[in-house]
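Spelled out from the first residue to the last, the chains are:
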Amino acid sequence: MKRNTKIKIAYISGYTLFLIVSFIFRFNPGREIGYNFISFLVYMLKILPCAFILIGLFEVWVKKEVIEKHLGEESGIRGYMWAMLLAGTIAGGLLVAFPIAYSMYNKGAKLSVIFTYIGAAAICRVPMTMFEASFMGVKFTAIRLLVSLPLVIVTSILLGNYLGKRNYKMVEGK
Amino acid sequence: MYYTYAITGLIVLISFITSRKKTLKAVKISIGKFIKIFPAFLTMLIFVSFILFLFPDEIISNYLGHSSKSISVFLASLFGSITIMPGFIAFPLSGILLTKGVPYMVLSAFTTTLMMVGILTYPIEKEYFGTKVTIIRNIISFFIALAVAVMTGIFFGEIF
Numbered sequence: 684m685k686r687n688t689k690i691k692i693a694y695i696s697g698y699t700l701f702l703i704v705s706f707i708f709r710f711n712p713g714r715e716i717g718y719n720f721i722s723f724l725v726y727m728l729k730i731l732p733c734a735f736i737l738i739g740l741f742e743v744w745v746k747k748e749v750i751e752k753h754l755g756e757e758s759g760i761r762g763y764m765w766a767m768l769l770a771g772t773i774a775g776g777l778l779v780a781f782p783i784a785y786s787m788y789n790k791g792a793k794l795s796v797i798f799t800y801i802g803a804a805a806i807c808r809v810p811m812t813m814f815e816a817s818f819m820g821v822k823f824t825a826i827r828l829l830v831s832l833p834l835v836i837v838t839s840i841l842l843g844n845y846l847g848k849r850n851y852k853m854v855e856g857k
Numbered sequence: 804m805y806y807t808y809a810i811t812g813l814i815v816l817i818s819f820i821t822s823r824k825k826t827l828k829a830v831k832i833s834i835g836k837f838i839k840i841f842p843a844f845l846t847m848l849i850f851v852s853f854i855l856f857l858f859p860d861e862i863i864s865n866y867l868g869h870s871s872k873s874i875s876v877f878l879a880s881l882f883g884s885i886t887i888m889p890g891f892i893a894f895p896l897s898g899i900l901l902t903k904g905v906p907y908m909v910l911s912a913f914t915t916t917l918m919m920v921g922i923l924t925y926p927i928e929k930e931y932f933g934t935k936v937t938i939i940r941n942i943i944s945f946f947i948a949l950a951v952a953v954m955t956g957i958f959f960g961e962i963f
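In the order they appear, the protein sequences are chains P and Z.
Under my numbering, residues 684 to 857 are what the first sequence spells out, in order.
Under my numbering, residues 804 to 963 are what the second sequence spells out, in order.
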């Protein structure tokens with residue numbers, strides 16, 4: 684067994700033990716931490732199954748050439764437009780965007796498009812943006828989008844070029 | 804949420820009708836990928852459970868109303884970076900703080916870092932991107948959020 688795996692098993696069992704002891708002895712901070720854990724786990728389990736099923740279907744059905752053409756090295760400015768459009772429609776934010784971005788990368792999307800996708804998934808998901816505007820006002824949301832989106836694209840291109848020169852590859856086999 | 808499930812269900816159905824074999828393969832890939840990343844999700848949840856305990860909404864609200872705007876923006880961006888909050892909690896909370904007199908730029912720093920910077924999602928992000936790129940991306944995002952906050956301050960007349 685790898686060292687990392689051992690560490691993981693150690694702290695996950697330590698944490699579980701901590702929660703069990705807290706619940707038995709009615710240690711309130713521990714119980715609150717346990718409730719936080721459960722409520723977030725439930726929140727994630729609502730979103731993640733859909734996301735991973737769609738990722739599986741994406742891997743099987745979408746041809747590599749299609750992604751290379753629209754999101755790859757030759758895609759030009761349209762690649763970034765696609766990245767933003769695709770990001771605008773997803774639910775769940777970064778947690779869902781990471782595995783999707785990873786699959787797109789393995790199908791031939793270029794790095795700068797991947798980073799744009801992740802940035803856009805964080806800031807311009809359509810349902811969330813409408814929700815935000817209803818609480819904070821349209822002006823607030825408009826400023827946020829108009830300032831952050833260009834910065835996200837520019838920094839994604841810079842980061843993509845920087846990593847490209849250094850032959851960066853995403854972690855394999857995830 | 805429900806329509807995410809409805810659309811996913813519909814897509815699975817279409818896929819299944821088109822090719823049973825491919826759909827089963829897709830499901831296998833999904834489960835495999837999910838199992839591989841699940842330990843990272845557990846690690847994140849453990850962090851989240853502690854951080855939410857240490858920084859509950861009330862504490863964050865108290866600190867954001869600090870008298871100095873620059874300190875508030877700084878604190879807001881730190882809180883936004885280290886916590887995780889779904890949009891359906893963060894924006895109503897910000898709406899309430901707005902009515903209590905917290906400046907727009909402070910709330911902008913808070914919500915933008917909340918969305919873009921993920922110290923708690925680090926265990927997951929690094930599984931895909933590696934440690935170095937994860938750190939670089941988060942630092943860049945932090946500065947983008949600060950830029951957004953400053954511009955918000957200028958346009959709402961809170962800085963000059």
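Bear in mind the hints are in silico, worked out from the structure with no lab data behind them.
Errors might be hidden in some of the hints.
If you only want the chain Z side, here are some residues facing chain P, beta carbon under 8 Å, derived [stated by the list, open to error]:
1. Y805
2. A809
3. K828
4. A829
5. I849
6. F850
7. S870
8. S873
9. L900
10. I939
11. I942
12. L949
13. V951
We put the beta carbon where it would ideally sit given N, CA and C, even for glycine.
Now the hints, each set against the structure:
no.	hint	verdict
1	Y805	violated, 10 Å
2	A809	violated, 10 Å
3	K828	holds, 5 Å
4	A829	holds, 4 Å
5	I849	holds, 5 Å
6	F850	violated, 10 Å
7	S870	violated, 22 Å
8	S873	violated, 18 Å
9	L900	violated, 10 Å
10	I939	holds, 7 Å
11	I942	violated, 10 Å
12	L949	violated, 11 Å
13	V951	holds, 5 Å
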